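**Student:** Each chain, letter by letter, is given below.
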Amino acid sequence: MSQLATWRTGSTRVLPGFGLSMGISVLFISLVLLLPITGLFGQLAELSLAEYFAIITEGRVVASYMVTIGAAAVAALVNAIFGLLLAWVLVRYEFPGKRLLDALMDLPFALPTAVAGITLATLYAGSGWMGGLLEPLGFQVAYTWVGIALAMAFTSIPFVVRTVQPVLEDLPAEVDEAAMSLGATDGVAFRRVILPHIWPALVTGTGLAFVRSLGEFGAIIFIAGNMPYETEITALMIFVKLQEYDYAGASAIASVVLFVSLALLLAINIWQGRFVRRLHGGKG
Amino acid sequence: MSIRLNNIAKHFGNTQALEPINLDIHEGELVGLLGPSGSGKTTLLRIIAGLENADRTAQPGQILFGDRDVTNVHVRDRRIGFVFQHYALFRHMSVYDNVAFGLTVLSRKRRPSSGEIRARVFRLLEMVKLEHLADRYPAQLSGGQQQRVSLARALAVEPEVLLLDEPFGALDAKVRQELRRWLRHLHDELNFTSVFVTHDQEEALELSDRVVVMSNGRIEQIDTPDELYRTPKNRFVFEFLGDVNHLEGKVSNGVLTCGDAYWHVDLPDGHEELLLRPHEVRLTEQPTSESHLPVTITAISPVGAEVRVELEADWLAQPWLATVRHTDFEHLALRRGQRLFAHPRHWRRFPKVTEKTTEQTRVA
Numbered sequence: 001m002s003q004l005a006t007w008r009t010g011s012t013r014v015l016p017g018f019g020l021s022m023g024i025s026v027l028f029i030s031l032v033l034l035l036p037i038t039g040l041f042g043q044l045a046e047l048s049l050a051e052y053f054a055i056i057t058e059g060r061v062v063a064s065y066m067v068t069i070g071a072a073a074v075a076a077l078v079n080a081i082f083g084l085l086l087a088w089v090l091v092r093y094e095f096p097g098k099r100l101l102d103a104l105m106d107l108p109f110a111l112p113t114a115v116a117g118i119t120l121a122t123l124y125a126g127s128g129w130m131g132g133l134l135e136p137l138g139f140q141v142a143y144t145w146v147g148i149a150l151a152m153a154f155t156s157i158p159f160v161v162r163t164v165q166p167v168l169e170d171l172p173a174e175v176d177e178a179a180m181s182l183g184a185t186d187g188v189a190f191r192r193v194i195l196p197h198i199w200p201a202l203v204t205g206t207g208l209a210f211v212r213s214l215g216e217f218g219a220i221i222f223i224a225g226n227m228p229y230e231t232e233i234t235a236l237m238i239f240v241k242l243q244e245y246d247y248a249g250a251s252a253i254a255s256v257v258l259f260v261s262l263a264l265l266l267a268i269n270i271w272q273g274r275f276v277r278r279l280h281g282g283k284g
Numbered sequence: 001m002s003i004r005l006n007n008i009a010k011h012f013g014n015t016q017a018l019e020p021i022n023l024d025i026h027e028g029e030l031v032g033l034l035g036p037s038g039s040g041k042t043t044l045l046r047i048i049a050g051l052e053n054a055d056r057t058a059q060p061g062q063i064l065f066g067d068r069d070v071t072n073v074h075v076r077d078r079r080i081g082f083v084f085q086h087y088a089l090f091r092h093m094s095v096y097d098n099v100a101f102g103l104t105v106l107s108r109k110r111r112p113s114s115g116e117i118r119a120r121v122f123r124l125l126e127m128v129k130l131e132h133l134a135d136r137y138p139a140q141l142s143g144g145q146q147q148r149v150s151l152a153r154a155l156a157v158e159p160e161v162l163l164l165d166e167p168f169g170a171l172d173a174k175v176r177q178e179l180r181r182w183l184r185h186l187h188d189e190l191n192f193t194s195v196f197v198t199h200d201q202e203e204a205l206e207l208s209d210r211v212v213v214m215s216n217g218r219i220e221q222i223d224t225p226d227e228l229y230r231t232p233k234n235r236f237v238f239e240f241l242g243d244v245n246h247l248e249g250k251v252s253n254g255v256l257t258c259g260d261a262y263w264h265v266d267l268p269d270g271h272e273e274l275l276l277r278p279h280e281v282r283l284t285e286q287p288t289s290e291s292h293l294p295v296t297i298t299a300i301s302p303v304g305a306e307v308r309v310e311l312e313a314d315w316l317a318q319p320w321l322a323t324v325r326h327t328d329f330e331h332l333a334l335r336r337g338q339r340l341f342a343h344p345r346h347w348r349r350f351p352k353v354t355e356k357t358t359e360q361t362r363v364a
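Chains as they are written, first to last, in full-length UniProt numbering: chain A, 1 to 284; chain B, 1 to 364.
Chain A extracted, bound-state conformation (with noise of 0.2 Å):
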């Protein structure tokens, strides 16, 4: 009782203006976030459970389903090691550009992503200039899954950048001369000291960047060709039944890229919860 008195007089806090600044923040949460995700739940309240299930199996959503993944995991695991490279080159060595080059790293988050888009397909089409040197070769980027993924690790590659690069920052060169001294060769050095340390950044970056392509429209629908069965993403089947006016059918669709999306995340981040406590103090 006591402690909710000086709790109400606002006593226990110095720091000024949580009431309001809290009060902005839950409105803005709600209004951005949890009004819209409601919105889609209650249009998922028009189908039934039979209906619903029918319309998030159908056959050619499942195969939507199965090159979205899929691309998304290639580009996801492409990116988790180029980003990591580039972060590497941004946090360790000093060269002219590097200014430069770190702030193209954001250069995919500026663009729309629909001029990304068909930049890449005019590029890797068959008459573009990199599709007119891959494509004699037997190399078919444009239309493919491919390029659907190529399109995604072009657009979420800031993510692994971004998140791996303080993490780097934060780990002491003399941590890398330490293992040296101790007698471990650069490999050794790298596998067991510095990649644990970044490990769950690359991880988290990896996995946004996975979540980011899952739901990629603009960048994607340009090069991916958009032939049923083959390279259709599940972003496209969500507009396909928007257009026939299917509302409730597209929210299903959406629902299902909404709870991997989800589901994802929470695992992501319960698990890196537990390897920070680990770095800090707390019984791992």
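Keep in mind that the hints were calculated from the coordinates and are not lab data.
Since the structure is predicted, the reported quantities are computational estimates derived from the model, not experimental observations.
All residues carry an ideal CB built from backbone N, CA and C; glycine is no exception.
Hints may be right or wrong, so weigh each one.
What the hints assert, rightly or not - Quick list of the computed label-pair ranges, beta carbon to beta carbon: (1) B:Gln-16 with A:Leu-123: 49 to 55 Å; (2) A:Pro-96 with B:Asp-135: 43 to 49 Å; (3) A:Trp-129 with B:Gln-59: 51 to 57 Å; (4) A:Gln-140 with B:Gly-13: 49 to 55 Å; (5) B:Asp-135 with A:Leu-101: 54 to 60 Å; (6) A:Ala-248 with B:Asp-135: 51 to 57 Å.
Unchecked claim - Calculated from the model, a selection of chain B residues having no Cβ within reach of chain A, i.e. all distances over 10 Å: (7) Met-1; (8) Ala-9; (9) Asn-53; (10) Phe-82; (11) Leu-106; (12) Ala-170; (13) Ala-173; (14) Gln-177; (15) Asp-223; (16) Lys-233; (17) Arg-282; (18) Glu-290; (19) Val-303; (20) Thr-323.
Once you have looked at the hints, place chain B on chain A.
**Tutor:** Just chain B now, kept in the frame of chain A:
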């Protein structure tokens, strides 16, 4: 393992961090590199370790461990142990895994069996008195404990040379004292060759067999702590090793005058600057025929073996510091604002130095 440096120099861009240096460290010796920040002591230590390369000039320098030329040997093959100021422990590994690291990364041929590794790690942990914390993570340990882990980790690979970069710099005074004494014991017991870097003259003098005093990338003096304190080679060394009082004035006919103060000294005529340590100043109530140096007490600190008294006067550019025994302190009934007379027991003078060194002294 003895260490010999021949003609080792280092540039960072256009600034010279180390002028060509020659240094011999004997087997089993504990040597302190002492100097203000920017004196090149850490650079020198890192060059010995192989974490930094010396300049490759027309006459390249040479580093010898015993008879082995390690100038171009990578740090991982030099068989050194390195202890960092901020411990540089592997935060994601337990204390046990940290200490075992150097053994587990050995090539399969040279790696001891896992049972032997375990025995060795626990022997080391026992030595640093941390065997009960083997399962903890570095973040769960205090600074002193972390530094002991880092020492055990460095010793696990049985290095021929142990190098420590300001090993106690990040610890509080009491832990520092304790670890210092403990390191000295460990060194005497295991008899490896150690080099450590410090900017704390007390630490260097207390711990080392010999001290290398550095400033501006140069070695100023190499000597035992005792010799160093008693017979400093130059003004920099004298000033860096403790508190110094300055007395500047004109000498004529064997009397140095400065304002209303005068003092009989046996020196030729001319401008002179004399230096004396706080314990070389005696305080009395009356002037003597030898000297007339009136001073006023501005601060008294009775902490420690002696009472430290700060003195000021019109003729002094900087206040003096004098140390008085507690019995004398009571006898003279010293208090702030009291006017007394100072008598130098002993003093030193050094030939004028270049501007550069004077500047360095001020930084120190």
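**Student:** Next, verify each hint and record whether it holds.
**Tutor:** Outcome of the hint check:
| no. | hint | verdict |
| --- | --- | --- |
| 1 | B:Gln-16 with A:Leu-123: 49 to 55 Å | holds (52 Å) |
| 2 | A:Pro-96 with B:Asp-135: 43 to 49 Å | holds (48 Å) |
| 3 | A:Trp-129 with B:Gln-59: 51 to 57 Å | holds (54 Å) |
| 4 | A:Gln-140 with B:Gly-13: 49 to 55 Å | holds (51 Å) |
| 5 | B:Asp-135 with A:Leu-101: 54 to 60 Å | violated (43 Å) |
| 6 | A:Ala-248 with B:Asp-135: 51 to 57 Å | holds (56 Å) |
| 7 | Met-1 | holds (16 Å) |
| 8 | Ala-9 | holds (22 Å) |
| 9 | Asn-53 | holds (14 Å) |
| 10 | Phe-82 | violated (4 Å) |
| 11 | Leu-106 | violated (7 Å) |
| 12 | Ala-170 | holds (12 Å) |
| 13 | Ala-173 | holds (24 Å) |
| 14 | Gln-177 | holds (25 Å) |
| 15 | Asp-223 | holds (29 Å) |
| 16 | Lys-233 | holds (34 Å) |
| 17 | Arg-282 | holds (49 Å) |
| 18 | Glu-290 | holds (56 Å) |
| 19 | Val-303 | holds (36 Å) |
| 20 | Thr-323 | holds (40 Å) |
Violated hints, in rising order: 5, 10 and 11; the structure is consistent with all others.
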